[in-house]
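Undergrad: Given next are the chains, with one letter for each unit.
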Amino acid sequence: MQAFVPLEAVAAPLAVANVDTDQIIPARFLWRKRGEGWGHLLFHDLRFNDDGSARPQFVLNDPRYQAAQILVADRNFGCGSSREHAVWTLFDYGIRAVIAPSFGDIFFNNSLQVGLLPIVLPTVAVEALLAALEQTPGAHLGIDLEAQQVSTADGVVHAFEIDPFRKQCLLAGADELAFTLSQADDIASFETTYERKVSWL
Amino acid sequence: MAEPLTLFDKIWSAHVVQSRPDGADLLHIDRHLVHDGSSNAFRMLKARNLPLRRPDRTFATPDHYVSTLAGDLAAINEPSRRAMVEDLESHARTNGVTLFGLKDRRQGIVHVVGPEQGLSQPGMIIVCGDSHTATHGALGALAFGIGATEVAHVLATQTLWQKRPKNMRVTVDGGLATGVHAKDVILAIIAKLGAAGGTGHVIEYAGSTIASLSIEGRLTVCNMSIEAGARAGMVAPDDVTYQYVVGRPYAPKGSDWDKALASWRALPSDAGAHFDREVNVDATEIAPMVTWGTSPEAAAPITGAVPDPAAAPDAGSREAITRALAYMGLTPGSPLSGIAINRVFIGSCTNSRIEDLRVAAAVVDGRRAVVPAMVVPGSGLIKAQAEAEGLDVIFKRAGFEWREPGCSMCVGMNGDLVAPGDRCASTSNRNFVGRQGKGARTHLVSPAMAAAAAVAGSLTDVRQLMGS
Ligand code: SF4
Chain A
77 MQAFVPLEAV
87 AAPLAVANVD
97 TDQIIPARFL
107 WRKRGEGWGH
117 LLFHDLRFND
127 DGSARPQFVL
137 NDPRYQAAQI
147 LVADRNFGCG
157 SSREHAVWTL
167 FDYGIRAVIA
177 PSFGDIFFNN
187 SLQVGLLPIV
197 LPTVAVEALL
207 AALEQTPGAH
217 LGIDLEAQQV
227 STADGVVHAF
237 EIDPFRKQCL
247 LAGADELAFT
257 LSQADDIASF
267 ETTYERKVSW
277 L
Chain B
1296 MAEPLTLFDK
1306 IWSAHVVQSR
1316 PDGADLLHID
1326 RHLVHDGSSN
1336 AFRMLKARNL
1346 PLRRPDRTFA
1356 TPDHYVSTLA
1366 GDLAAINEPS
1376 RRAMVEDLES
1386 HARTNGVTLF
1396 GLKDRRQGIV
1406 HVVGPEQGLS
1416 QPGMIIVCGD
1426 SHTATHGALG
1436 ALAFGIGATE
1446 VAHVLATQTL
1456 WQKRPKNMRV
1466 TVDGGLATGV
1476 HAKDVILAII
1486 AKLGAAGGTG
1496 HVIEYAGSTI
1506 ASLSIEGRLT
1516 VCNMSIEAGA
1526 RAGMVAPDDV
1536 TYQYVVGRPY
1546 APKGSDWDKA
1556 LASWRALPSD
1566 AGAHFDREVN
1576 VDATEIAPMV
1586 TWGTSPEAAA
1596 PITGAVPDPA
1606 AAPDAGSREA
1616 ITRALAYMGL
1626 TPGSPLSGIA
1636 INRVFIGSCT
1646 NSRIEDLRVA
1656 AAVVDGRRAV
1666 VPAMVVPGSG
1676 LIKAQAEAEG
1686 LDVIFKRAGF
1696 EWREPGCSMC
1706 VGMNGDLVAP
1716 GDRCASTSNR
1726 NFVGRQGKGA
1736 RTHLVSPAMA
1746 AAAAVAGSLT
1756 DVRQLMGS
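Protein chains in written order, with this note's numbering: chain A, 77 to 277; chain B, 1296 to 1763.
For the record, the hints were derived by calculation from the structure and aren't laboratory data. None of the values given here were measured: they were computed from a predicted structure. Misleading hints may appear alongside valid ones.
To be verified - Simulated pairs of lysine-lysine, DSSO-like, Cα-Cα distance not exceeding 30 Å:
1) B/K1487 to A/K109
2) B/K1548 to B/K1733
3) A/K109 to B/K1554
4) A/K273 to B/K1305
5) A/K243 to B/K1487
6) A/K109 to B/K1341
7) B/K1548 to B/K1691
8) B/K1554 to B/K1398
9) B/K1341 to B/K1398
10) B/K1548 to A/K273
11) B/K1548 to B/K1305
12) B/K1461 to A/K243
13) B/K1461 to B/K1691
14) A/K243 to B/K1458
15) A/K273 to B/K1554
16) B/K1305 to B/K1691
17) B/K1341 to B/K1305
18) A/K273 to B/K1461
19) B/K1398 to B/K1305
20) B/K1554 to B/K1487
21) B/K1487 to B/K1458
22) A/K243 to A/K109
23) B/K1398 to A/K273
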């Protein structure tokens, strides 16, 4: 996992609720391998017409938003299918953080596994950010994970919550698996006790 | 006296290996189900040179990419899709995982196979790299979907770090009217909760209506918990559960059965247990349901009408409804009954079990489908059972296609797609934009309603068709 470094980047507004992972990456691309690169497929059917041409009305097709590393979205972002590919696709496109009033639970977890920062802000704060970004296309947002702050170009600061363990993992670029593997003795002793009790498994 | 606990609390606590200071628990996983979308996770394991810790707790079956025309590899004519199934089979073989492969009658949709084989049992924690894993909660288990990195974590350690979600209880009481089924119950619940209403929660479904459902009905209800945003859905085990589990291939036997049963009987939520949220639903008010939009929360009784965005409470929902209706090609205010459809799909982990097929067959028996329609049984065993009962003959005589088991048109990853602009009455679980194919318009319904739509050529109230 890549470490999350302080970010000062273009933020793209996507003022749509319930953006499901099928929208982020349609199912017909899921046979691809992780390492093959996914960024060009992001929001594929929203971004491109059937003939492959760009749909000008989609936010990431506006040249002013194209370099976005931050996405600001409406409630329940990433709902639906558990496909981690949705996170890979955002990540490979260059998105490092998504700000929304709420997220699909599995998407939220997957993001933390991959190194994409999901930030929950109150609905009013998200609405304000969306309005500001639509008004000033290409505007930057700053994200400081250490300080747990999102800041706008005109100095508005929004604090956000994050679980301290996840924060450390993101800052260090460390994944959970290495830690869990170091707990192998604990796991083994749990299994022994558990299987004595639940002997029918 | 000990503090009263919920079913969820009891299962969770029994599986905690250790706890982190931030409140996350390392949970032991009883069953890990893998399918043909899991190859990236196996590759992650391999890249780190890690062995699969518990092959005996891991079970595999291909479902998403399999052809429903013929149950063999050669029938998957697209090489990248065929490779997904081949990959699963070779990963299973090299890691010593039990595989219900293409040639095996036990093969099917992973969430159909688990309960059918007796792999899913009360009190277990079951995970799978698929959001509809909540299905298995119908047996009184805690079952939830995970992403690829988490799948790799479970493969390597048979554990998973999780933060304890909140408890929600949805109590459904009262009798169901004729023609109203488990699918209608869960669509009504989702319409009430909203697509994000269950976020951060595990739902326990309770009440007399749920208790009176068969396990297959409960599987349908729990299956769609994720469509309300919930992590998992579960039903307390009872005699219906034990009768369903007993005798299945992987169910406990002999003295183990007695021991298991004694422990399962202690699982149901204690009187006075705390739920963070309680929701009540009156089952007598539920009519056959149909979705009109592009989120499962956009569900309404078939007796209703397409909503008018102008009547929406706020600008956000006005815009969302407008967008959904534009995609769906529907006019505000027009009755749901009578909307012409082009296609019918009966299948998916929501509604592809034998009881679903029986209900649908009863509707089509002696009638004719006037649009292309297909039935895709959830597993090879269900297909065989249906054929033994002559259901295949009823469907075929009515003009339905009778296919091989798999996910099929629920997600179209195997090429079973709804054509752009076509309107499909589907017993699956998601009506998302493009879910059944680019530009496809999905109306989620019960098997009875899907069958009725096939013979009427339009969304129709199955109760009227059947004269009840
Ligand atoms: S049937 Fe549909 S929802 Fe169920 S596992 Fe397959 S693709 Fe997913």
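Undergrad: All hints, please: hold or fail.
TA: Right, here's what the structure says about each hint:
{"no.": "1", "hint": "B/K1487 to A/K109", "in the structure": "violated (39 Å)"}
{"no.": "2", "hint": "B/K1548 to B/K1733", "in the structure": "violated (48 Å)"}
{"no.": "3", "hint": "A/K109 to B/K1554", "in the structure": "violated (44 Å)"}
{"no.": "4", "hint": "A/K273 to B/K1305", "in the structure": "holds (15 Å)"}
{"no.": "5", "hint": "A/K243 to B/K1487", "in the structure": "violated (35 Å)"}
{"no.": "6", "hint": "A/K109 to B/K1341", "in the structure": "holds (14 Å)"}
{"no.": "7", "hint": "B/K1548 to B/K1691", "in the structure": "violated (39 Å)"}
{"no.": "8", "hint": "B/K1554 to B/K1398", "in the structure": "violated (35 Å)"}
{"no.": "9", "hint": "B/K1341 to B/K1398", "in the structure": "holds (27 Å)"}
{"no.": "10", "hint": "B/K1548 to A/K273", "in the structure": "holds (16 Å)"}
{"no.": "11", "hint": "B/K1548 to B/K1305", "in the structure": "holds (24 Å)"}
{"no.": "12", "hint": "B/K1461 to A/K243", "in the structure": "holds (22 Å)"}
{"no.": "13", "hint": "B/K1461 to B/K1691", "in the structure": "violated (46 Å)"}
{"no.": "14", "hint": "A/K243 to B/K1458", "in the structure": "holds (15 Å)"}
{"no.": "15", "hint": "A/K273 to B/K1554", "in the structure": "holds (9 Å)"}
{"no.": "16", "hint": "B/K1305 to B/K1691", "in the structure": "violated (47 Å)"}
{"no.": "17", "hint": "B/K1341 to B/K1305", "in the structure": "violated (35 Å)"}
{"no.": "18", "hint": "A/K273 to B/K1461", "in the structure": "holds (27 Å)"}
{"no.": "19", "hint": "B/K1398 to B/K1305", "in the structure": "violated (39 Å)"}
{"no.": "20", "hint": "B/K1554 to B/K1487", "in the structure": "violated (40 Å)"}
{"no.": "21", "hint": "B/K1487 to B/K1458", "in the structure": "holds (26 Å)"}
{"no.": "22", "hint": "A/K243 to A/K109", "in the structure": "holds (28 Å)"}
{"no.": "23", "hint": "B/K1398 to A/K273", "in the structure": "violated (36 Å)"}
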